[in-house]
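Visitor: Below, each chain spelled out in residue letters.
2 protein chains.
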Amino acid sequence: MKRLTLAALLLASAAPALAQASGPIDPRVAKLRDAALTDDVAYDIVEGMTTEVGQRLAGTEAEARARTWSVAKLKALGFKNVRIETYRMPVWERGEERAEIVAPFPQKLHLAALGNSGATPAQGIEADMVIFPTYADLAAAPDGSLAGKIAYVGNTMPKTQDGSSYGQAGVARFAGPALAARKGAAAIVIRSIGTDTHRLPHTGTTYFRNGVAPIPAAALSVPDAKLIEAMAKRGKPIRMKLLLTPRQVGEQESGNVIAEVPGTDPNAGIVLIGGHLDSWDLATGAIDDASGVAITAAAAKRILDSGKRPRRTIRVVWFGAEEVGGFGGRDYAAKHGKERHAIAAESDFGADKVWRFESTLPDSATPVADRLATALAPLGIVRGTAGGGDGADIEPIIAGGVAGVDLNQSGLDYFDVHHTPDDTLDRVDPEKLRQNVAAWTAMLAIVADAPEEIGPVVRAVR
Amino acid sequence: MKRLTLAALLLASAAPALAQASGPIDPRVAKLRDAALTDDVAYDIVEGMTTEVGQRLAGTEAEARARTWSVAKLKALGFKNVRIETYRMPVWERGEERAEIVAPFPQKLHLAALGNSGATPAQGIEADMVIFPTYADLAAAPDGSLAGKIAYVGNTMPKTQDGSSYGQAGVARFAGPALAARKGAAAIVIRSIGTDTHRLPHTGTTYFRNGVAPIPAAALSVPDAKLIEAMAKRGKPIRMKLLLTPRQVGEQESGNVIAEVPGTDPNAGIVLIGGHLDSWDLATGAIDDASGVAITAAAAKRILDSGKRPRRTIRVVWFGAEEVGGFGGRDYAAKHGKERHAIAAESDFGADKVWRFESTLPDSATPVADRLATALAPLGIVRGTAGGGDGADIEPIIAGGVAGVDLNQSGLDYFDVHHTPDDTLDRVDPEKLRQNVAAWTAMLAIVADAPEEIGPVVRAVR
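Sequences listed follow chains F and S, in order. Just so you know, the first sequence maps onto residues 1 to 462 in the UniProt record's numbering. Just so you know, the second sequence maps onto residues 1 to 462 in the UniProt record's numbering.
Check before you lean on any hint, since a few could be wrong.
No copy labels: a pair is met if it fits in one copy or bridges any two.
Said to hold, decoys possible - Computed list of lysine-lysine pairs in BS3-like fashion (alpha-carbon distance at most 30 Å, straight line): (1) Lys108 to Lys80; (2) Lys159 to Lys335; (3) Lys233 to Lys308; (4) Lys183 to Lys80; (5) Lys241 to Lys149; (6) Lys241 to Lys432; (7) Lys108 to Lys75; (8) Lys80 to Lys226; (9) Lys159 to Lys233; (10) Lys183 to Lys233; (11) Lys308 to Lys31; (12) Lys338 to Lys236; (13) Lys75 to Lys233.
Don't read these hints as lab results, they were simulated from the structure.
Let the hints inform the model, and build the full structure from the sequences given.
Guide: Quick look at the structure:
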């Protein structure tokens with residue numbers, strides 16, 4: 001509070017009055033929201049999916065088992081029109097992964113191949129390293145200067161509540177391997193795109209495009225990366241032995257799981273919500289994204305069980321193959337893009353509390369956004385102004401002119417766990433999960449029943 | 001403070017007066033202690049040992065490299081009589097380790113073999129599991145009832161400041177494998193003896209004695225253990241595939257590294273301090289026990305550099321082969337047990353702050369203990385009454401009648417990291433390390449110069 005100016009204090013004291021501009025909250029919405037604070041459905045879904053399915057890498061038999069499990073669960077919860085929509089997509093699978101420093105100080109390292117990584121020969125490779133503290137340093141290296149070398153890229157990631165540091169630090173993962181390949185590197189290892197200091201690497205997809213041949217590419221755990229940086233400070237050449245044997249297994253089947261709470265007005269537009277069913281292969285995907293599918297389904301079930309059919313159909317989609325390139329979201333848009341959607345909203349940022357609400361609701365629906373802000377404020381949720389429509393799975397449908405509603409979870413601790421073996425049920429706090437369900441329940445109760453027209457929207461540049 | 005009674009408050013207000021019973025602190029001691037709060041030597045040792053040596057499993061070439069590194073470091077710091085004393089001891093080495101649940105829900109697991117574990121065949125084994133929530137449940141199983149099965153033992157460990165929960169929970173590791181073997185088990189996996197929920201297993205030694213043939217024995221990370229317990233609640237049989245290929249490699253050379261600050265009075269008894277040089281093989285052993293050797297050496301160096309030679313010789317020993325059975329401590333006692341020792345003190349409980357001072361100083365040295373309490377109190381250290389002489393390496397010399405002085409570090413977070421791949425430099429807080437150095441410096445300044453006779457002591461039953 002120390003740095004608050006008088007103007008800020010005046011603004012703060014005016015806020016309740018502003019919130020009340022949209023009138024008092026509908027008692028039915030408040031009741032549904034507050035009842036959701038005792039929700040057990042979401043945790044039950046996360047516990048069940050992580051225990052009875054576990055990892056569910058896109059396009060594998062594990063993801064197929066997850067779809068079967070999900071259909072049974074969603075039907076048991078009473079949803080209508082529960083179904084799977086399949087599509088085909090290319091699949092990359094992890095192999096063995098080992099690395100060690102052989103000089104100047106022999107040490108074994110913990111690392112994980114990045115999605116789409118190339119493979120080393122079966123016996124591995126041994127090469128001198130070139131150390132780049134940041135992605136910008138790698139970018140500045142002359143073409144061909146990495147011939148036969150193993151590149152290392154640092155790119156430290158700070159913690160941010162809105163997760164904005166992911167894009168900034170993540171470029172080392174998204175684009176670093178292709179860049180190193182173009183400069184002739186034999187392989188690349190990066191510091192994990194993560195904010196923890198545990199001995200667990202953060203995997204994730206990287207892309208080799210425009211004819212760039214994939215090279216072996218992996219992420220070191222943060223302590224292992226710091227160890228290499230400490231060795232580099234000694235000024236002696238660093239030599240690494242690296243074995244990675246992932247492979248591209250070709251096109252396989254993946255799919256979206258869809259369930260509905262049918263509305264009374266087929267012309268009012270669908271309320272599309274969900275998360276993604278697939279996970280990375282290193283863990284059980286509890287926060288990425290069993291929590292997202294669980295939160296959205298648990299909230300929809302509260303509307304389903306409320307005794308009053310909503311005006312708009314609520315469609316819950318548990319998207320397939322998000323992690324490896326957003327295949328489920330694109331398939332959904334291809335098959336359903338012509339249906340009228342009122343809004344789209346995704347939960348894919350962990351299991352921490354929702355701290356902010358944002359939307360791109362059109363002017364016609366400004367009162368809806370105002371009512372949302374009023375109903376969400378008691379949950380500790382502030383109203384943001386930066387936009388809405390976050391989520392790789394809903395991106396294609398948002399791009400078609402659908403309004404986005406975001407219930408942003410705190411990202412402060414998300415990247416401690418994101419894409420690591422640590423993404424297990426232990427990372428899910430049942431109380432925080434309930435706050436999410438309450439926020440989503442309030443959102444659905446307001447948006448699905450809103451008498452106002454919602455959308456389409458003309459997308460502004462964000 | 002809410003639960004403090006009036007009597008407790010009166011006692012608290014009387015404490016300064018009690019402390020002053022031993023008179024004001026010697027200004028030289030206070031000055032040395034406070035200067036140590038800016039120490040950089042200890043952190044430099046930990047950083048160097050973890051970066052330039054890394055893991056140093058007892059009896060391996062890595063431990064030998066650590067001895068070479070240590071001799072160079074201790075000589076560079078100015079210590080006298082720096083030397084290595086070698087001995088031979090049996091060596092066990094880790095091999096491959098993989099485990100997965102194959103039914104009812106296929107899931108891969110993270111685990112680490114326990115020291116002295118037997119090996120599975122090269123292709124692994126597959127067997128039904130028998131789930132024991134606690135070690136007591138395993139103990140109650142009828143003989144022969146585990147024939148051909150893989151036993152699982154839970155035994156949850158709570159956090160304690162004094163580390164007393166280690167013995168209580170740890171029995172599952174120390175004795176569980178031999179017990180399961182005697183009951184016919186094909187193998188055993190235990191929940192890690194740890195207080196964290198990361199996907200990193202806690203290794204450690206287990207013992208097969210009295211002719212019990214070793215079986216494969218490993219610790220699952222806590223989340224993996226909880227996953228199996230969650231599966232067990234579903235009531236369906238659990239089947240595991242397990243591969244462990246460790247081996248006993250026979251007798252090898254290990255050694256203690258010794259360095260001294262020579263005293264003026266050869267008859268006053270040696271002040272023996274130190275920690276252990278070896279580490280487990282999964283990490284760089286930053287808190288177990290690079291920190292212990294660093295803290296004790298850094299404190300001794302402050303006496304060495306103080307401009308006044310101490311009355312008693314301070315002998316710093318970096319013991320070898322502690323983790324795998326205390327071989328270095330026994331070798332030291334065999335070679336030096338007949339020399340007069342005034343006290344022995346070991347730092348082997350991490351890098352957290354010292355919270356308690358205890359000792360078994362004899363009655364003749366009660367004023368020394370009082371002065372210690374007075375000098376340590378400003379560092380936030382309370383005086384305990386339970387004894388002294390903790391530390392596997394000094395146990396044999398203590399058993400011979402030497403007084404023990406303990407500077408107990410907080411164990412609340414120690415078992416989050418203990419014996420896991422996470423025991424790296426990231427776990428060491430330089431400020432907390434400095435508090436340790438200050439406590440040890442004050443202790444040395446008082447004990448090494450005390451005019452009183454110290455020891456031998458008659459060991460009371462503790």
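Visitor: Of the hints stated earlier, which fail here?
Guide: Of the numbered hints given earlier, those the structure breaks are 1, 2, 3, 4, 6, 8, 12, listed in rising order.
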